[in-house]
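Undergrad: Line by line, the protein sequences are chains A and B.
In terms of the working numbering, the first sequence has 65 at position 65, counting the first letter as 1, and numbering is strictly consecutive.
Each number in the working numbering corresponds to the 1-based position in the second sequence with 256 added.
Note that these hints are calculated values from the structure, not bench results.
Owing to the predicted nature of the structure, the values given are computational and were not obtained by experimental measurement.
Even glycine gets a Cβ: it sits at the ideal position worked out from N, Cα and C.
Be aware that a few hints might be false.
[Stated by the list, open to error] Just so you have them, the derived chain B footprint on chain A, three or more residues with Cβ under 8 Å:
1) 42-56
2) 61-75
3) 187-195
4) 202-210
5) 215-222
6) 227-234
[What the hints assert, rightly or not] Below, computed lysine to any residue pairings styled on SDA-like, alpha-carbon distance capped at 20 Å:
7) A:Lys239 to B:Lys592
8) A:Lys250 to B:Asn488
9) B:Lys531 to B:Glu502
10) B:Lys549 to B:Arg367
11) A:Lys184 to B:Lys531
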Amino acid sequence: MKIVVAIKQVPERDAQVHIHSTSNWIEEEDMQWALNESDAYALEEALQLKEKHGGEVVVVSAGPERVGSTIREALAKGADRAIHIDCDDLNQRDALGVARLLSEAIRAETPDLTLTGLQSDDLGYGQTGVILAELLGLPHASLILHVEKTEAGLTVKRELEEGWFQTIELPVPAVLTIQSGGNKLRYATLMGIKKAKTKEIRRVTSQDIGKVAPPVVVLERISVPQKQKSTQILGGSPKEAATALVEKLKFEARIL
Amino acid sequence: MSGVWVVLEERNGRIARMSWEALAAGHTLGAQSSLSVNAVVAGAQTDSLAGEIATKAVARIVRLEHPLLAVYTSDAFTLALEQFIRAEQPDFVVFPHTYQVRDYAPSLAARFGQVLIGDVTGIGAGPVLHPTDKDPSVGTPVFVRQLMQGRLNGEYSHSGNGTCFVSVQSGAFRADQAESAPASIEIFTPKIEQAQIRTKPGQPFRGSAQTVDLGSAQFIVSVGRGIKEADNLPIVQELATALGAELAASRPICDNGWLPIERQVGSSGQTVSPKLYLAVGISGAIQHLVGMKGSQCVVAINKDSDAPIFEIADYGIVGDLFEVVPALTEAVKSAKH
Ligand SMILES: Cc1cc2nc3c(=O)[nH]c(=O)nc-3n(C[C@H](O)[C@H](O)[C@H](O)COP(=O)(O)OP(=O)(O)OC[C@H]3O[C@@H](n4cnc5c(N)ncnc54)[C@H](O)[C@@H]3O)c2cc1C
Ligand SMILES: Nc1ncnc2c1ncn2[C@@H]1O[C@H](COP(=O)(O)O)[C@@H](O)[C@H]1O
Numbered sequence: 001m002k003i004v005v006a007i008k009q010v011p012e013r014d015a016q017v018h019i020h021s022t023s024n025w026i027e028e029e030d031m032q033w034a035l036n037e038s039d040a041y042a043l044e045e046a047l048q049l050k051e052k053h054g055g056e057v058v059v060v061s062a063g064p065e066r067v068g069s070t071i072r073e074a075l076a077k078g079a080d081r082a083i084h085i086d087c088d089d090l091n092q093r094d095a096l097g098v099a100r101l102l103s104e105a106i107r108a109e110t111p112d113l114t115l116t117g118l119q120s121d122d123l124g125y126g127q128t129g130v131i132l133a134e135l136l137g138l139p140h141a142s143l144i145l146h147v148e149k150t151e152a153g154l155t156v157k158r159e160l161e162e163g164w165f166q167t168i169e170l171p172v173p174a175v176l177t178i179q180s181g182g183n184k185l186r187y188a189t190l191m192g193i194k195k196a197k198t199k200e201i202r203r204v205t206s207q208d209i210g211k212v213a214p215p216v217v218v219l220e221r222i223s224v225p226q227k228q229k230s231t232q233i234l235g236g237s238p239k240e241a242a243t244a245l246v247e248k249l250k251f252e253a254r255i256l
Numbered sequence: 257m258s259g260v261w262v263v264l265e266e267r268n269g270r271i272a273r274m275s276w277e278a279l280a281a282g283h284t285l286g287a288q289s290s291l292s293v294n295a296v297v298a299g300a301q302t303d304s305l306a307g308e309i310a311t312k313a314v315a316r317i318v319r320l321e322h323p324l325l326a327v328y329t330s331d332a333f334t335l336a337l338e339q340f341i342r343a344e345q346p347d348f349v350v351f352p353h354t355y356q357v358r359d360y361a362p363s364l365a366a367r368f369g370q371v372l373i374g375d376v377t378g379i380g381a382g383p384v385l386h387p388t389d390k391d392p393s394v395g396t397p398v399f400v401r402q403l404m405q406g407r408l409n410g411e412y413s414h415s416g417n418g419t420c421f422v423s424v425q426s427g428a429f430r431a432d433q434a435e436s437a438p439a440s441i442e443i444f445t446p447k448i449e450q451a452q453i454r455t456k457p458g459q460p461f462r463g464s465a466q467t468v469d470l471g472s473a474q475f476i477v478s479v480g481r482g483i484k485e486a487d488n489l490p491i492v493q494e495l496a497t498a499l500g501a502e503l504a505a506s507r508p509i510c511d512n513g514w515l516p517i518e519r520q521v522g523s524s525g526q527t528v529s530p531k532l533y534l535a536v537g538i539s540g541a542i543q544h545l546v547g548m549k550g551s552q553c554v555v556a557i558n559k560d561s562d563a564p565i566f567e568i569a570d571y572g573i574v575g576d577l578f579e580v581v582p583a584l585t586e587a588v589k590s591a592k593h
């Protein structure tokens with residue numbers, strides 16, 4: 001089975017974020033970057049499918065030069081090769097624009113299966129995988145925790161709300177968006193890191209891929225949310241704060 | 257163009273609460289742009305749903321009906337709504353941001369060369385205030401949605417003349433109470449063939465048997481990724497024991513297998529409403545908040561004073577949980593003596 005996994009580099013979870021002076025994106029300088037969380041699960045699912053059924057895992061990522069480090073991480077975990085769509089203006093594109101870039105690279109690979117994460121941790125559109133399926137003319141299923149290959153195609157486990165699930169059967173080729181938690185994630189081994197250095201990363205520029213349609217939806221401005229509710233912050237040393245909290249819960253909230 | 261159309265969704269035979277919130281968002285848009293507000297509901301049998309909508313303030317109601325819409329599939333729903341939207345050419349199509357909507361609305365919008373503005377928390381009146389704005393066109397709506405897992409807000413505008421697709425976050429708009437004279441109800445029958453439906457969905461089923469009932473717990477200590485490792489869990493367990501509380505968690509803790517999934521609170525886990533919900537090292541992403549915001553009193557312990565959890569917390573301690581939690585356990589113990 002040939003599997004393409006779309007992986008996105010996003011700011012590391014605990015990184016400080018500051019709004020850029022243009023006020024429509026964050027300060028990228030000095031930022032620490034990481035592989036998007038649900039994409040790590042998508043990659044894991046792909047690697048496990050390959051271990052079971054053979055085939056190839058290709059990762060594709062659109063972004064500026066810095067995304068190379070995330071691509072190498074995926075190669076070190078076991079992806080076979082990578083496509084890097086070099087593109088400096090991700091944040092000015094809407095979800096359709098990014099999906100168009102990815103779809104052109106993926107179409108040329110004719111994979112049996114394309115996996116994306118469910119949602120990116122920075123922009124959080126939760127759409128790119130579903131749009132990809134539409135652009136590629138393929139069936140899709142979203143919020144997937146587990147994938148099984150069958151005679152006819154795939155049987156997948158989909159998460160519904162409030163602890164409910166459902167299985168879905170669909171033919172291949174198909175696109176799935178992967179939810180976190182379906183598998184245990186692997187770490188890159190030293191051996192893997194070494195091997196990654198010899199693996200192919202093919203670079204294409206976004207211009208190679210085609211004309212950019214102007215975005216339909218524009219991120220105009222970002223801001224820090226205004227506090228709506230006044231939380232009583234209890235200060236002092238940990239011990240003082242803890243004591244003050246217990247007092248409040250006892251005498252003010254009256255729940256202890 | 258034919259105004260604002262709100263796509264309402266059914267849950268257990270009735271219009272779901274989030275759909276009424278979407279209708280409220282539709283009214284906000286309608287009022288801003290002086291457009292009529294209309295409702296559409298898709299399914300195999302929608303007469304009673306349409307009846308439910310008829311008492312609300314909507315101009316027209318369309319029952320998008322076809323036997324192949326009995327069970328949700330993205331193919332059938334996308335086809336049905338595509339045909340309806342081509343016929344009606346709405347200015348705005350508004351959805352509740354449910355799991356179902358996230359599964360098909362992005363494809364639907366893409367068929368029109370459009371992009372869903374998803375999970376919107378607020379709608380303001382334009383122009384968008386931006387230093388590089390040259391020609392701010394007054395009256396265009398500004399859509400606010402969360403970025404960076406709720407740490408930032410983004411303001412979005414829609415450009416061009418096509419239909420604007422929007423979905424709204426659970427709890428962001430207050431469900432519409434406005435009632436009016438019964439609206440006209442029409443039926444639209446889309447053309448869908450079985451062969452166009454490529455996926456075969458199975459019956460929904462529940463996860464593993466539930467052995468803890470967080471829903472009725474009075475005290476809950478809930479732990480998030482700030483705990484760093486499974487080996488650190490005993491420090492929150494001790495606090496829970498001192499309080500006589502159940503232990504719960506955010507999703508990553510259960511994803512990692514550190515606590516069983518039945519202890520997960522949030523949109524894909526349990527919904528809880530204890531007297532006290534003590535969130536330890538939890539950032540407060542919307543999918544977590546929807547599961548616990550009904551709690552009587554929320555306490556947050558987090559090292560980041562900007563963490564969104566402080567938006568809904570009554571009391572907060574900004575600090576390192578590895579220092580604060582043991583101190584709190586001691587304080588609770590001595591208070592109980
Ligand atoms: C469709 C969907 C469904 C989802 N369903 C759920 C769900 O049901 N439940 C759920 O919880 N999530 C759910 N999520 C995930 C959700 O979006 C968040 O990713 C998740 O809630 C984050 O968990 P967290 O707050 O524990 O981790 P993080 O967001 O990583 O936050 C960790 C927090 O710990 C703090 N911290 C770190 N170290 C310390 C320290 N030493 N002392 C004090 N504080 C510290 C940090 O400041 C940070 O605020 C869902 C997501 C999607 C897309
Ligand atoms: N620039 C990108 N490069 C590669 N994959 C991406 C990119 N942007 C989004 N994706 C994929 O699409 C998923 C959903 O992203 P989003 O629609 O932004 O929430 C991510 O989890 C990735 O798998």
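Undergrad: Run every hint past the structure and note whether it holds.
TA: Verification of the supplied hints:
1. 42-56: Violated, because only 0 residues of the stretch 42-56 of chain A bring their Cβ atoms closer than 8 Å to Cβ atoms of chain B.
2. 61-75: violated (count 0)
3. 187-195: violated (count 0)
4. 202-210: violated (count 0)
5. 215-222: holds (count 8)
6. 227-234: holds (count 7)
7. A:Lys239 to B:Lys592: holds (16 Å)
8. A:Lys250 to B:Asn488: violated (28 Å)
9. B:Lys531 to B:Glu502: holds (12 Å)
10. B:Lys549 to B:Arg367: It is violated: about 37 Å lies between the C-alpha atoms, which goes past 20 Å.
11. A:Lys184 to B:Lys531: With a Cα-Cα distance of about 34 Å, the restraint between Lys184 of chain A and Lys531 of chain B is violated, given a limit of 20 Å.
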